[in-house]
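Trainee: Fit the two chains together into the complex; they arrive one by one in their own frames, and the hints show the way.
For reference, the chains in residue letters:
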Amino acid sequence: MSKLLELKNIIKKYPGVTALDNVSMSFKSGEVHAIMGENGAGKSTLIKIISGAIEPTDGIIVTADRKEYDCMTPARSKDNGIGVVYQEFTLIPSLSVADNIFLGNKVGGRILVDFAEMNRRAESLFEELKVNIDPQEMVSQLSTAQQQVVEIAKAVSRDARLIIMDEPSSALAASEVEGLFSIIRRLRSKGIAIIYISHRIDEIFEISDTISILRDGRYITTKVIGEITRSELITYMVGRELSEKFPERKVKLGEIVLQIENLTGKDNFDINLSLRKGEILGLAGLVGSGRTELAKMIYGAAKIESGDIIIKGKKIHITSPDIAISQGIGLIPEDRKTEGVQLEMPIDWNITIMILKEISHYTVVSLKKINEISKKYADRFAIKTPDLQQLVKNLSGGNQQKVVLAKILAAKTDIILFDEPTRGIDIGAKHEIYKLMNELVEEGISIIVISSEMEELMGMSDRILVLHEGRITGEVMKKEFSQDKIMALASGM
Amino acid sequence: METNKMTMDNIEKNSLAKINNRKIDSKNKFDISNFVYHNMAWIIFAILMVVFTCLSENFLTFRNLISILNQNAYVIVAATGITFIMMSGAIDLSIGYQMAVNGIICSLLLTKYQWPVLLVILVSIVIGCVLSLVNVILSIQLSLPQIFVSLGTMTIYQGIAYVISQSQTISGFPKAFSYLGQGSVGPIPFAIIIMLIFFLIMSFILNRTYFGRYVFALGGNEEAARLAGINVKKVRIMIAIIAGAFVGLATMMLISRIGSTQASTGPGTEFTVLTGVLLGGVSIRGGEGKLSGVLAGILILALLSNGMQLAGMGAYYQFIAKGVIMLAALGFDVYQMNRRRRIKKVSKG
Numbered sequence: 000m001s002k003l004l005e006l007k008n009i010i011k012k013y014p015g016v017t018a019l020d021n022v023s024m025s026f027k028s029g030e031v032h033a034i035m036g037e038n039g040a041g042k043s044t045l046i047k048i049i050s051g052a053i054e055p056t057d058g059i060i061v062t063a064d065r066k067e068y069d070c071m072t073p074a075r076s077k078d079n080g081i082g083v084v085y086q087e088f089t090l091i092p093s094l095s096v097a098d099n100i101f102l103g104n105k106v107g108g109r110i111l112v113d114f115a116e117m118n119r120r121a122e123s124l125f126e127e128l129k130v131n132i133d134p135q136e137m138v139s140q141l142s143t144a145q146q147q148v149v150e151i152a153k154a155v156s157r158d159a160r161l162i163i164m165d166e167p168s169s170a171l172a173a174s175e176v177e178g179l180f181s182i183i184r185r186l187r188s189k190g191i192a193i194i195y196i197s198h199r200i201d202e203i204f205e206i207s208d209t210i211s212i213l214r215d216g217r218y219i220t221t222k223v224i225g226e227i228t229r230s231e232l233i234t235y236m237v238g239r240e241l242s243e244k245f246p247e248r249k250v251k252l253g254e255i256v257l258q259i260e261n262l263t264g265k266d267n268f269d270i271n272l273s274l275r276k277g278e279i280l281g282l283a284g285l286v287g288s289g290r291t292e293l294a295k296m297i298y299g300a301a302k303i304e305s306g307d308i309i310i311k312g313k314k315i316h317i318t319s320p321d322i323a324i325s326q327g328i329g330l331i332p333e334d335r336k337t338e339g340v341q342l343e344m345p346i347d348w349n350i351t352i353m354i355l356k357e358i359s360h361y362t363v364v365s366l367k368k369i370n371e372i373s374k375k376y377a378d379r380f381a382i383k384t385p386d387l388q389q390l391v392k393n394l395s396g397g398n399q400q401k402v403v404l405a406k407i408l409a410a411k412t413d414i415i416l417f418d419e420p421t422r423g424i425d426i427g428a429k430h431e432i433y434k435l436m437n438e439l440v441e442e443g444i445s446i447i448v449i450s451s452e453m454e455e456l457m458g459m460s461d462r463i464l465v466l467h468e469g470r471i472t473g474e475v476m477k478k479e480f481s482q483d484k485i486m487a488l489a490s491g492m
Numbered sequence: 000m001e002t003n004k005m006t007m008d009n010i011e012k013n014s015l016a017k018i019n020n021r022k023i024d025s026k027n028k029f030d031i032s033n034f035v036y037h038n039m040a041w042i043i044f045a046i047l048m049v050v051f052t053c054l055s056e057n058f059l060t061f062r063n064l065i066s067i068l069n070q071n072a073y074v075i076v077a078a079t080g081i082t083f084i085m086m087s088g089a090i091d092l093s094i095g096y097q098m099a100v101n102g103i104i105c106s107l108l109l110t111k112y113q114w115p116v117l118l119v120i121l122v123s124i125v126i127g128c129v130l131s132l133v134n135v136i137l138s139i140q141l142s143l144p145q146i147f148v149s150l151g152t153m154t155i156y157q158g159i160a161y162v163i164s165q166s167q168t169i170s171g172f173p174k175a176f177s178y179l180g181q182g183s184v185g186p187i188p189f190a191i192i193i194m195l196i197f198f199l200i201m202s203f204i205l206n207r208t209y210f211g212r213y214v215f216a217l218g219g220n221e222e223a224a225r226l227a228g229i230n231v232k233k234v235r236i237m238i239a240i241i242a243g244a245f246v247g248l249a250t251m252m253l254i255s256r257i258g259s260t261q262a263s264t265g266p267g268t269e270f271t272v273l274t275g276v277l278l279g280g281v282s283i284r285g286g287e288g289k290l291s292g293v294l295a296g297i298l299i300l301a302l303l304s305n306g307m308q309l310a311g312m313g314a315y316y317q318f319i320a321k322g323v324i325m326l327a328a329l330g331f332d333v334y335q336m337n338r339r340r341r342i343k344k345v346s347k348g
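Taken in sequence, the protein lines are chains A and B.
Counting along the first sequence from 1, when you hit position 246 you're at 245 in numbering that gives the first Met the number 0, and nothing is skipped either side.
Counting along the second sequence from 1, when you hit position 80 you're at 79 in numbering that gives the first Met the number 0, and nothing is skipped either side.
A few chain A positions that, by computed beta-carbon distances, are all more than 12 angstroms from chain B: (1) D57; (2) I219; (3) L387.
Straight-line distance between alpha carbons at most 25 angstroms, and here's what the computed PhoX-like set of lysine-lysine pairs gives: (4) A:K478 x A:K244; (5) A:K105 x B:K232; (6) A:K434 x A:K374; (7) A:K12 x A:K383; (8) A:K189 x A:K77; (9) B:K289 x A:K105; (10) A:K129 x A:K27; (11) A:K367 x A:K392; (12) A:K47 x A:K66; (13) A:K251 x A:K478; (14) A:K411 x A:K251; (15) B:K233 x A:K105; (16) B:K233 x A:K77; (17) A:K367 x A:K356; (18) B:K232 x A:K77.
Label-pair ranges, simulated between beta-carbon atoms: (19) A:V363 x B:F147: 31 to 39 angstroms; (20) B:P144 x A:G190: 40 to 48 angstroms; (21) B:I139 x A:G190: 41 to 49 angstroms; (22) B:K232 x A:Q135: 26 to 34 angstroms; (23) A:A172 x B:I46: 41 to 49 angstroms; (24) A:E442 x B:K232: 54 to 62 angstroms; (25) A:D269 x B:S55: 55 to 63 angstroms.
No wet-lab data here; the hints were simulated from the structure.
In this text, all values refer to a predicted model and were calculated from it rather than measured experimentally.
Ideal placement from N, C-alpha and C gives every residue a C-beta, glycine not left out.
Looking at chain B on its own, in the form it has when it is part of the complex (with noise of 0.2 angstroms):
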C-alpha cells in the first residue's frame, strides 16, 4: 500500500509551514481583547475608582486615597509573600493564624520583655519564616499537598494564640514602634513606602531571577520541573521562607497601626489575600500570573471595603459580599484557564 505521493509533494514544499509560526504583521497588531483579558483587574480598578467618584464627593481626596492605601498596605505585603506561594501550585491557608501567633509573641517581647524595636521586626520575620517553612516540611514528610497541612496548622497555631495571649489584648507599644505603622515620610505614610520597596523586589524577583522561572515551573507542570533537574524540594523551602518573612513584617506593619493586637488579629487576612491574588489574575493551580495584577486585585477589594462601609453595610452583609466576591474570583479564574490553550498529553499505545 503505497502513501499518497500527490499529497506529499504538497506537503513536501511546505513541510514547515505548520511548525513556523512567525507572522511579519503580527507583533504590532493591537488585540483589544487581549489587552482587555490580560489587564483584567486594573481595568475593574479604572471602573470601581469612576464609580466611587462618581457616588460620593469626598472619595476622590489625596486624604482618603492615602488612607485606603495605608490601611492595606499590610495586606499588600502579606499577598506579596503568598503570590509565590500559590504561583507554584500551592495554597496556604494558615497565614491568618501565622499572624496571630507572630503579632503575639512579638508584642510580648515588645511590652513585657521590653525588647529594642529593631530586633523585634526581626524576631517577626524569622517567626514568620518558620510557621510557614512547618507547612511546607510537614507537606513534604507527609506527601500531603500544602492547602491539606495547612488546615490542622490553622488549627494549631489559633490555639496557641489563644493559649499565649490568655485570650487578653496586648497593648502599650513603645513610641518607636508605631513610626512602622503610624509614621510618615513627608504626606506619605512609611507603611506605604515599605509596601511598594517590597512590591518591587519580589516583582523583580520573580520575573529577573533563575528561582522566578522555577516557581513558574514548579506551578506549571511540577513533573516536568523535576525532570529538568530543578531541586523541587529546596525551591518550596526557599518560597515558603520568603513567604513567612513577608507575612511576618505585615504582621508588624499592622500591629503598628493598630496599636494593639490579641489572638483575633490577622485571621481574616488569609481570605482577602487569597481572593485578592485570584482577582489580579494568579490561577489558584499555579503557573500563571503577575504581581501587579495582585496589586489590583487588593486594592480591588480595598475599594470595595471602603464602599461598604460608607455604604453603613454591617460586618456580616460585608462576608456576604466578600464570599460572592470570592466565588466570581473563583469563576473568573476558570474562565481564564478555558481561554489558554493547554498541552495535550498523548495517549501511549
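The following block holds chain A by itself, in its conformation from the complex (with noise of 0.2 angstroms):
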C-alpha cells in the first residue's frame, strides 16, 4: 500500500467562515477511506479541493509522486488519476452507455467513432468489474444503480487510483447498496484508493477500513475500523456524547383524528388505516411500495380512485393540497429540494408561504407578520442562519427541513406527514428533528412517519404499518418492534 496523496495543514477561508482549518489527512492505495462529519463540517469543500475545483487559501497537496503543489487543478487531479462520482449523476440520457464512459476521450481515429473499440473497452471495464450491463443500451433506459454503475466506470476508464464517491448510496434503494459495495471491493483489490462520503453509519462500518472525522473545519482524527465504537464515531462528530436512543416521550393517545377506508390509488389497493391524536404512526415498506403516494394521496397531491378519507369523523373528499391544508393536514416532501422550498427564495417567505392570506391585509401582505411569525419559528427550531433573508438554498439539508417543518405549523396543520425526513441529514441535525417530531405530539398534533431507515422508523412511531406492492400486509405494535419481522412483512411473506 502506497501513499496516493496527502494532505497537509489544509486552510480554506472564504469571506467570514474558515471552511477548513488546518487539516492534514492522508489517502492510501488498496483503501477505503471514509470521510465524515456533520454537515458544514468541511468535507465537500475538501472534496473540492482535492479535485481541483477550488485552490486551499494555505496547505501543500502532496502526490504519489512526492511532488507538491499549493493547489490542484482539474487536470492536474485528472492527470494524478484523481476521479470523482458526483451525487447528481453527470450522463447524457440518450446516448449509449459506452458512449457516456467514453464522452470525452477519443476511442477511435481522429474523426470517427471506432463503436466496436468502444463497446469493447466498456465490457471489460464491467468484466473487471463484475457487473453485466450492456454497453449499447441508453443511459435514460437504466435504473438509478445502474446509472451510477456507470458514472464509477467512467472514472475507472480514465485510470483513476483515487475515486471519490459523494453520497453515492443516497440514490440507491437498501437492495442496491450491495452490489455498489461489491464494486467498491472489487476496485479495492485493484489497488484503487477509494474516498467514501456518506451520513449513514452503518454503510461506513461495513465497507470502510478507515474513517476520519472533521468537525467545524477542523481535522479530529482518523481510526482504523476496528479501534473504534459507533458511539465514539458519534461524539467525535457532534462534540459531545449523543445517545443513540431515540428521545423519549409520555403521550396518551386521544380519539382517531383520520381514518383511511378502502383507499385506492394508482399505486396502492384497499388502504385502511386510523391515526390518533397525539401518535406516530410509522410507515414501512421497501421502494416502490406505495407509502409516497399513500401520503400524497391524503394530501391530495395524487389521485384517488376510489375509498374515503374521514378526518376528524367527517368524510372529505380530498382533490387537491389545499382541500386538504384546510383539514388541517401537511405534507413534508420526500424530496425536499424539489418539493419542500422555494430555493431561491428567503427563509421568512417559505416560512409564511403557506398563510399568505391570513397575513395580507387588501392583498397586501403584512411584513411585520411575516418577520414575527418566520422568527417566531426559526428560534423554536433552531435554524441555524445569520439573518432570516438568508435565501433557503443556502441552508444545510437539517436546516431546511426545519424550513418545511415550520411552514407546515405556521398553517396549523395538526395532522402532518412526514415522507423520509431524515434523509441526508447528519447525525446531530436527526436528532434535532426526533426531538421536534416528539415535542409536536406531545402538544396534540398526529403524525404519519414514511422511513426507509429501520432503526428511526422503530425508535419513534408508537406502531409501524408495512406496506408491500400497494397493500398494508401487516401492523406491528411497539413490543412486537423487530427489523426481521417488519422486512418480512414489506418483503411479502
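Mentor: In C-alpha cells:
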C-alpha cells in the first residue's frame, strides 16, 4: 500500500468563515477511507480541493510521485488519477452506456468513432468490475443503481487511482447498496483508493477501512475501523456525547383523527388505516411499495380512485392540497429541494408562504407579520442562519428540513405526514428533528412518518404499518418491533 | 442497533442482481409498441401515402411524387442543418430571414454584378455561415439562450433584406444558375440528388463521428458535457457554421427553382423546418432524435401541404392547419419525453 495523496495543513477561508482549518490527511492505495462529519464540517470543501475545483488558501498537496503543490487543478487531478463520482449524475440520457463512459475521450481515429472498440472496452471494464450491463443500452433506460455503475466506470476508464464517492448510496435502494459495495471491494482489490462520504453510519462500518472525522472545519482524528465504536464516532462528529437512543416521550393517545377506508389509487390498493391524536404511526416498506403515493393521496397531491378519507369524523373529498391543508393535513415531502422549499426565496417567505392570505390586509402582505412568524419558528427550531433573509438554498439539509416543518406548522396543521424526514441529514440534526417530532405529538399533533431507516422508524413510532406492492401486509405494535418481522412483511411474506 | 442479518444474507447472494441487466432472450424479442414509437414519423408518412392515393388517382404517379420531393428538397437541406442546432439543445428562429438576406445578396451578385455562378454559390454558403454564427456568438457573449437572440437577429435580418432589395423583386438569373433548382440528371431533378447527398453526409457525421456525439451530449446534458471536457463553445460554433452552410445552400436551391427572389422569399421556412424536425422525433429540448425521422417529418408536411393545395384550401386556412400540426408535433414531443425514464437527480444532504 502506497500513499496516493497527502494533504498537509490545508486551510480554506471564505470571507467571514473558515471552511477548513489546518486539515491534514493521507490516502493510501487499496483502502476505503471514509470521511465523516456533520453538515458544514468541511467535507465538500475538502473534496473540491482534492479534485481541483477550488484552491486552498494555504497548505500543501502531495501527489503519489512525491511532488508538492499548493493547489490542484482539474487537469492536474486528472493526471494524477483522481476521479469523482458526484451525487448528481453527469450522464447524457440519450447516449449509450459506452458513449457516456468514454465521452470526451477519443476512442478510434481522429474524426470517426470506433463503436466496436468502445463497446469492447466498456465490456472489459464491466468484466473487471464484475457487473453485467449492456454497453449499447441507452442510459435513460437504466435504473439509478445501474447509472451509478456507469458513473463509476467513467472514473475507472480514466485510470483513476483515487476515486471520491460523494454520498453514493443516497440514490440507491437498500437492496442496491450491496451491489455498490461489491464494486467498491473489487476496486479496492485492484489497489484503487476510495474516499467514501456518507451520513449512513452502518454503511461506513461495513465498507470502510479507515475513518477520518471533521468537525467545524477542523480535523479531529483518523481511526482504523476496528478501533472505534459507533458511539465514539458520533461523539467525535458531534463534539459531545449524543446517545443514539431515540428521545423518549410520554403521550396519551386521544381519539381517532384520521381514518382511511379502502383507499385505492394508481399505486395503492385497498388501504385501511387509522391515526389517533398524539400518535406517531410509521409506514414501512421497500422502495416502490407505495408509501409516498399513499401520503400524497391523503394530501391531495395524487389522484384517489376510490375509497374514503375521514378527518375528525367527517368524510372529506380531497382532490387537491389546499383542501387537505384546510382540514389540517400537512406534508413534508420526500425531496425537500424540489418539493418542499423555494430555494431561491428567503427563509421568511418560505415559512409563511402557506399563510400569506391570513397575514395580508387587502392583498398586501404584512411584512411585520412575516418577520414575527418566521422568527418565532426559527427560534423554536434553532434554524442556524445569520438572518432570516438568507436564501434557503444556502442552508444545510437539516436546516432546510426545519424550514419545511415551520411552513407546515405555521399553516396550523395538526396531522402531519413526514416522508423520509431525515434523509441526507447528519446525525446531530437528525436528533433535533426527532426531538421536534416528540414535542409536536406532546402538543396534540398526530404524525404519520415514512422512513427507509428501520431503526429510525422503530425508534419513533408507536406502531408500524407495513406496505408491500401497494397493499398493507401487516401491522406491528411497539412491543413487537423487530427488523426481521418488518422486513418479512415488507417483502410480502 | 444491528443491521438485518437475514436480509443481508439474501442480498449478499444476489448482490449484483439489481445491476446486471442483460437478459439472454431480450435482444431477439420484437416489441411492437417500441417499434411504433421509434418509427412513428415513417408510419404516419405511410398512412398518409395510402390516404392520398385513395383520394386522388393522380397522386401515386412518378411525376407527382418527384414534384413533391423537388419542391421540398431545399427544405430538407435546411432542416438537415437545423437538426444539428436543435439536437444540441438550441433553437434558431431566424433562419427564414437568413435565407431572405442571403438570397437577395446572391441574386444581386448574379444579376447586377454578373459574378460567376459557382462563386456565388460559394458566397451564399459563406454568408449562411456568417448569419448563423452571429446568433451563436451573441448568445455566448450575452449569455442568452440562442432562441432569444434569434428573435432579435430575425428582425434585423428582415430589415436588412428589405433595405438591400429596396422591396423589389430580383430576377433574371443566368441559365447556368437555374440548373441547380430546375435541372435534372435523367429523370431525377438535380435538387433531389443534392438533397440526398448532403443528407447522407450529415447523417454520417452525426452518427459516426466524435463531433456527432458531442452534439448529442450538449443537448442531453450540457453541464455533463462540460465536465467531460468537451469544449461547449467550440462545438456550438461548429454547429452554427454547419447549419449556416446548409441554410445557404438551401437558399440557392430555392431561388434557383423559382427563378426570382424578394425579401419575403425564405421566411416561413423556419416554421416548416421546426415542425418537421419535431414530427420526426427530435426533441425540442435536444439530445435525441434521428435524421431519418426528420426526413419523414418534412415529407409528412409536404404531403399535407400538397393535399391541402389539391383540396383547394386557401393559404390562410393552411396557416390554421399548420398551427394545429405544430401543436400536435409539440404534444408528441412531450409524450416522448414522458415515455423515457430520466436521470434521477438526488437532493444533497
